[in-house]
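J.: So the chains spell out like this:
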Amino acid sequence: MISLANPSRFLSLVDRVVPWLSVVVVITLGIGLYLSLFVAPPDYQQGETVKIMFVHVPSAWLGMLGYTLIAVAALGTLIWRHPLADVAAKTAAPIGAIFTFIALVTGSLWGKPMWGTYWVWDARLTSMLILFLLYLGLIALWQAIDEPGRAGRAAAILGLVGAINIPIIKFSVDWWNTLHQPESIFRVGGPTIDPSLLIPLFVMAGGFTALFVLLHLIAMRAEILRRRVHALQRTQVEHATLAEA
Amino acid sequence: MPDLGTHASFIIAAYAVTFVAVGALVIATLEDDRKQRRKLAELERLGIRRRSAKVPASPTVKSRAKPKAANTQAKRKAVTPRSGKTRS
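Residue numbers (the numbering used here), protein chains in the order written: chain A, 1 to 245; chain B, 1001 to 1088.
Hints should not be assumed to be uniformly reliable.
Derived pair list, reagent style EDC-like, types lysine to aspartate or glutamate, alpha-carbon separation capped at 20 Å [what the hints assert, rightly or not]:
| no. | chain 1 | residue 1 | chain 2 | residue 2 |
| --- | --- | --- | --- | --- |
| 1 | B | Lys1039 | A | Asp15 |
| 2 | B | Lys1039 | A | Glu238 |
| 3 | A | Lys170 | A | Asp122 |
| 4 | A | Lys112 | A | Asp43 |
| 5 | B | Lys1035 | A | Asp15 |
| 6 | A | Lys112 | A | Asp122 |
| 7 | B | Lys1039 | A | Asp146 |
| 8 | A | Lys170 | A | Glu183 |
It is worth saying that the hints were derived from the structure and are not from the lab.
Same shape as in the complex, but just chain A (with noise of 0.2 Å):
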């Protein structure tokens, strides 16, 4: 982590990776959609509609990853003043956002035939909805201040704050009664889903991080390149003023 401290040595590191994490995210998401829409049986009670399960919970999850993924670059930028923290944290929420936006919707798409309506206001629809308008909150803050380094203490405090919906999120369906199902992969006691429909849900969730991780050190190298763009742009302005005086 502190060798990956130096920007330029983190530059090096994600040109070496993205080639090969490209093709780590092209076969798992190939493996994964013909899992997913041609092996995987129906669900005795949910039909087909059980198909969408295998992109809204990899959604879902990335959903709330990107966020404690800006809350643990908070405490970087923060405590440890880590050089790339706050371009973690600003990189993960355009994506964070994405992944939140698929699970509402296919979430209300799955909801419809399941439950006869595509919303209702219960503990964990609520809260991802509020995770959605939290990842909007972070970005409008990033394009409101243009000093990166105030924007960044500024988002890294919201963050913080926000994270504190994450078990909430998490521990909704067990501490209200809701519409929405129990927990049923992560749980005392081992996953309640049969394993047929299990496999191809954790590829596909293992293809969806794979391309999170890919667009998030995509985004950082472009916001590293932006930030170098600017400070050279300066210097330019600087030295035409100099050669003007």
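Use these hints to put chain B onto chain A, whose structure you have.
T.: The following block gives chain B in isolation, referenced to the frame of chain A:
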């Protein structure tokens, strides 16, 4: 195409939304990366470099007596635009 049953439209819509959203995210991320690389290359083409950027060794600097001073001078020149005007 597998038989998706009576709720096929919901399943297709869920996968379509996922493909479009992820596709847009991938394109936007790659485009931003490409744009920043292009901008940086353009600035470097104009001779504007970071102080810490590696500067190609000048063939005229052969003396080992003052390598640090020569290197510093090269870096200073590197951040100066090609207009020929220097800070003095």
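J.: All hints, please: hold or fail.
T.: Checked hints:
no.: 1; hint: Lys1039(B) x Asp15(A); in the structure: holds (18 Å)
no.: 2; hint: Lys1039(B) x Glu238(A); in the structure: holds (18 Å)
no.: 3; hint: Lys170(A) x Asp122(A); in the structure: holds (13 Å)
no.: 4; hint: Lys112(A) x Asp43(A); in the structure: holds (17 Å)
no.: 5; hint: Lys1035(B) x Asp15(A); in the structure: holds (16 Å)
no.: 6; hint: Lys112(A) x Asp122(A); in the structure: holds (15 Å)
no.: 7; hint: Lys1039(B) x Asp146(A); in the structure: holds (19 Å)
no.: 8; hint: Lys170(A) x Glu183(A); in the structure: holds (8 Å)
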